[in-house]
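Going left to right, the sequence shown walks through residues 64 to 477 as this note's numbering numbers them.
Derived by calculation from the structure, the hints in this document are not laboratory data. Glycine included, C-beta positions come from ideal geometry on N, C-alpha and C. Wrong hints could be hidden among the right ones.
Using 30 angstroms as the maximum straight-line C-alpha spacing, the simulated DSS-like pairs for lysine-lysine come out as follows [unchecked claim]: (1) LYS274 x LYS304; (2) LYS274 x LYS313; (3) LYS172 x LYS274; (4) LYS338 x LYS313; (5) LYS304 x LYS338.
Label-pair ranges, simulated between beta-carbon atoms [claimed, not checked]: (6) GLU185 x TRP216: 57 to 67 angstroms; (7) ASP67 x TYR186: 25 to 35 angstroms; (8) PRO77 x PRO214: 46 to 56 angstroms; (9) GLY137 x ASP213: 18 to 28 angstroms; (10) ALA91 x PRO214: 38 to 48 angstroms; (11) ARG174 x GLY218: 27 to 37 angstroms; (12) ARG443 x GLY137: 39 to 49 angstroms; (13) TYR186 x PRO214: 33 to 43 angstroms; (14) ASP99 x GLU185: 44 to 54 angstroms; (15) SER301 x GLU103: 43 to 53 angstroms.
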Amino acid sequence: MSTDVRPIAASELPDWLRALNTGFLTTAPVTDSDVDQRAEYGDLARTQGAFDSETGRCVATFRSFPQELTVPGGAVVAADAVSNVTVSPTHRRRGLLTRMMRADLTAAKERGDVLSTLIAAEYPIYGRYGYGPAASIAEWEIEVARTGLDPRWSGPGDGGRVDLVDAAEARRIGAALHERLRAHAHGTINRDERWWNLASGTEQMSHRPYKESFHAVHHTADGEPAGIAVYRADDQWSDAKLPQNTVQVKDLIAVTADAQRALWHFLCSIDWVQKVRTGYRAPDDLAPLLLPDPRAARLVTAADFLWVRLLDVVRALSARTYAVPGVLVLEVADAAGLADGRYRLDTGSGDCARTEEPADLRLDVSALGSLYLGDESAVRLAALGQVTEERPGALALADAAFRTARRPWCPDVF
């Protein structure tokens, strides 16, 4: 049975969306609105489908789009963001994903994208395409009664205040705060107009209906917004008519520690709320340690999240900063032939170039992706057999140079 893999035509969007829903086990019907939205924001040249030659039906989906990723030091690099990857259960193990991935990464390299990113639904799939887990997430459930926070809290003690705003105001404030956050927080990505449309309910997807949220903004003593929390609450009561409600944080952006402290205290002080779920945060997020009793925050999720695949090693390594100066010669293996070669990196100046010098470290491009944002240890990867040290001391230097004081964090699913 042959299968045609190619960019889709506009007329094939409904079939493509049905295949997408099938892959993600979604039974929601494809609406005219779904098709219109995809036609408006999706680049069909970067939207691939696999079509069964006998039935003509779309049986696999793949889409990529332009993205901006903040790297250590605050620079922004152009990324090829991969999403909407599915293969229907009737057509698995036939190389369809490999064909779509190869076409997309080749095009991304030709476009001049520095790297590719994705959120891996399943762990074992993407390493063979050169991706490495580069940023993780954690989620806590806070038992409010155990936090030790003052239940009579009425506002931050720094002269600031917390105000509730509507969705339109939250969109304006949130967009500005996110731009401030991603100017220095490595691992963050840009949020485009459609992201804010979906977040504010201006646009909706049939399989993910918009739900109203509360929006709490922290203002400094000077009246400037420094943080925003977007949250929802359930409606649970015991048989004895006691409240057992949980707040679910959907988004929390804070550009100062005071704003973060104030917003978490606010969320833990809402009447009738017994628990607060933090949503996906950085693994070293301050939230638990802002509580007088950090044990009130129970870790409920700890997992890989953002995966990175380098396409242009010279530009990628030159874009970020490093913790200590030194020189490393990296020999990178890439089965796809997109990033393989030997590179000399001066971590003091940030200069990187191809070289014929002897290698200090040998590693696969997927391991370099794991190191890139500073979350992984070169020493750990060597223990796992993913990095080989050719010059004594090179592992220690790479570990010290690539690691960052704060762990990278990508707040967004894409």
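Evaluation of the provided hints:
1. Straight-line distance between C-alpha atoms of LYS274 and LYS304 comes to about 26 angstroms, which keeps the hinted pair within the 30 angstroms bound.
2. Proximity of LYS274 to LYS313 is assessed by CA-CA distance (about 11 angstroms); at most 30 angstroms being required, the pair is judged to hold.
3. In summary, the hint linking LYS172 to LYS274 is not supported, as the alpha carbons are separated by about 39 angstroms, beyond the 30 angstroms threshold.
4. Taking the CA atoms of LYS338 and LYS313, the gap is near 14 angstroms; set against the 30 angstroms cutoff, the hint holds.
5. Of the pairs offered as hints, the one joining LYS304 and LYS338 holds, with about 17 angstroms between alpha carbons and a cut-off of 30 angstroms not exceeded.
6. Remark: the range hint 57 to 67 angstroms for GLU185 to TRP216 is contradicted by a beta-carbon distance near 42 angstroms.
7. Checked against the hint of 25 to 35 angstroms, the pair ASP67 and TYR186 passes, with Cβ atoms roughly 30 angstroms apart.
8. Our hint of 46 to 56 angstroms for PRO77 and PRO214 holds, since their Cβ atoms are close to 53 angstroms apart.
9. The hinted range of 18 to 28 angstroms is not satisfied by GLY137 and ASP213, whose Cβ atoms lie roughly 36 angstroms apart.
10. For ALA91 paired with PRO214, a C-beta distance near 42 angstroms keeps the hint of 38 to 48 angstroms intact.
11. A beta carbon spacing of about 50 angstroms between ARG174 and GLY218 contradicts the range 27 to 37 angstroms that was offered as a hint.
12. Taking 39 to 49 angstroms as the suggested C-beta distance range, the pair ARG443 and GLY137 does not conform, at roughly 26 angstroms.
13. Separated by about 41 angstroms at the C-beta atoms, TYR186 and PRO214 satisfy the suggested range of 33 to 43 angstroms.
14. Range check, ASP99 to GLU185: about 31 angstroms between beta-carbon atoms, so the 44 to 54 angstroms window is missed.
15. For the hinted restraint 43 to 53 angstroms between SER301 and GLU103, the CB-CB distance of approximately 47 angstroms keeps it satisfied.
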